[in-house]
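So the protein lines, in turn, are chains A and B. Position in the first sequence (from 1) plus 8 gives the number in the numbering used here. Position in the second sequence (from 1) plus 8 gives the number in the numbering used here.
Heads up, some of the hints might be wrong.
Since copy identity is lost for identical chains, a pair holds within one copy or between any two.
[To be verified] When the alpha-carbon atoms are kept at most 30 angstroms apart in a straight line, the in silico DSBU-like pairs for lysine-lysine are as follows: (1) 12 - 55; (2) 142 - 75; (3) 79 - 142; (4) 80 - 12; (5) 32 - 112; (6) 120 - 12; (7) 80 - 142; (8) 32 - 120; (9) 55 - 40; (10) 55 - 32; (11) 114 - 79; (12) 142 - 21; (13) 79 - 40; (14) 79 - 21; (15) 55 - 120; (16) 102 - 112; (17) 128 - 32.
Note that these hints are calculated values from the structure, not bench results.
One-letter residues, chain by chain:
Protein chains: 2
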Amino acid sequence: MMLKVEHIGIAVKDLAISVPLFEKLLNSQCYKTESVESELVNTAFLKSGETKIELLESSVENGIISKFIEKKGEGIHHIAFEVEDIEVEMERLKNEGFILLNDKPKAGADNKLVCFLHPKNTNGVLIELCMERK
Amino acid sequence: MMLKVEHIGIAVKDLAISVPLFEKLLNSQCYKTESVESELVNTAFLKSGETKIELLESSVENGIISKFIEKKGEGIHHIAFEVEDIEVEMERLKNEGFILLNDKPKAGADNKLVCFLHPKNTNGVLIELCMERK
């Protein structure tokens, strides 16, 4: 089951610039930063209602986020939906014809297990499923 | 005050294709469609927790949404934050240096008053402020 929009991921060049910018925009303080080695990103989180805004900065020169920005510029990178049971949801979506970018749930930021869907089957929107690790 | 992510707007070529796609993806039924003459768009809404997914299809050949798709392809078009008082929030953001795309709140879909912020000051993200019309 899909529960809610857990977060919206936004690709930025420089957290030192973008964190204060989003703090002003949302009138809300960044409450957490975290580096995710496996994804080569530094992240910063703000809250808006039940949804988080996750700012994503590449931690290396040729990381996924720097390549995204090179191609498309800074902007929204993905939408993450919280699911009740990630394996059940992955199976359901695979059977509906969506393409999973990882076969098994993998470790993401913010103590989550995550799976991405290929954007070619989702109207160009990169979708993440995520579930709190127990 | 910013309250929550009210909706995420997604630009699509054809609602007849994208509505069933997002119904499958979110495992949730589209509960409303609406044409907004002033914006030259047809919209369709689905729910995910307290946030709506708003699919946007151009109702004319050279509308804002068809131009967006021509340039960037289908995908996320904007994020809308619900605000308590739109005029207060517009004033606050103008004073913070953000650029408002309309001077006064204007009528949007879903019985809302809305205002957009220029994406050049928001990390390339088109931001909408919205408030239920009373």
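Hints, verified against the model:
no., hint, result
1, 12 - 55, "both (14 angstroms within a copy, 8 angstroms between copies)"
2, 142 - 75, "neither (32 angstroms within a copy, 45 angstroms between copies)"
3, 79 - 142, "neither (36 angstroms within a copy, 42 angstroms between copies)"
4, 80 - 12, "both (27 angstroms within a copy, 27 angstroms between copies)"
5, 32 - 112, "between (38 angstroms within a copy, 21 angstroms between copies)"
6, 120 - 12, "both (15 angstroms within a copy, 22 angstroms between copies)"
7, 80 - 142, "neither (36 angstroms within a copy, 39 angstroms between copies)"
8, 32 - 120, "both (27 angstroms within a copy, 23 angstroms between copies)"
9, 55 - 40, "both (10 angstroms within a copy, 28 angstroms between copies)"
10, 55 - 32, "both (13 angstroms within a copy, 28 angstroms between copies)"
11, 114 - 79, "within (26 angstroms within a copy, 33 angstroms between copies)"
12, 142 - 21, "neither (32 angstroms within a copy, 40 angstroms between copies)"
13, 79 - 40, "within (28 angstroms within a copy, 35 angstroms between copies)"
14, 79 - 21, "both (13 angstroms within a copy, 22 angstroms between copies)"
15, 55 - 120, "both (17 angstroms within a copy, 23 angstroms between copies)"
16, 102 - 112, "within (12 angstroms within a copy, 46 angstroms between copies)"
17, 128 - 32, "between (34 angstroms within a copy, 15 angstroms between copies)"
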